[in-house]
Amino acid sequence: MLREALIVAGLFSSSKGAMASLDSPTELAILDEAFEVSWAAVAAYNPFRDFKKDYELRFALRRKLFALAAGGMRDPEAMRTKILATLTL
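Sequential numbering from 1 applies to the sequence shown in our numbering.
Quick caveat, the hints were computed from the structure, so don't treat them as lab data. Remember, predicted model here, so these are calculated numbers, not experimental data.
Taking lysine-lysine pairs in the DSS-like style, the calculated list, with each CA pair at most 25 angstroms apart, reads:
1) K53 - K82
2) K53 - K64
3) K64 - K52
4) K52 - K82
5) K82 - K64
Distance windows between CB atoms, simulated:
6) A40 - M73: 14 to 22 angstroms
7) K53 - R74: 28 to 36 angstroms
8) R58 - A78: 19 to 27 angstroms
9) F48 - S24: 35 to 43 angstroms
10) M73 - P25: 13 to 21 angstroms
11) T26 - R58: 20 to 28 angstroms
12) T88 - K52: 17 to 25 angstroms
13) E33 - L57: 15 to 23 angstroms
14) P25 - N46: 31 to 39 angstroms
15) F48 - M73: 24 to 32 angstroms
16) L28 - A60: 13 to 21 angstroms
Quick reminder that beta carbons are idealized off the backbone N, C-alpha and C, glycines included.
My request is simple: use the sequences and hints to build the entire structure.
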């Protein structure tokens, strides 16, 4: 599922592109964890928003996470902190 999201976002290339290093199960697990902790924080900020249907926000959050990972960041909590600082909620 995450690989498909990367492909759709244009952030993954099986031909060893910029995000090819995120192909390992460990790297993908880090991104999944970073998304979950970030998404939980976003949802807690506005509990009345329908986050189940907010696909644009999910997509924006994943793109930001992938960009951080491409820059070498691998700490899910640090990624969450950086992402929350950039989102306008």
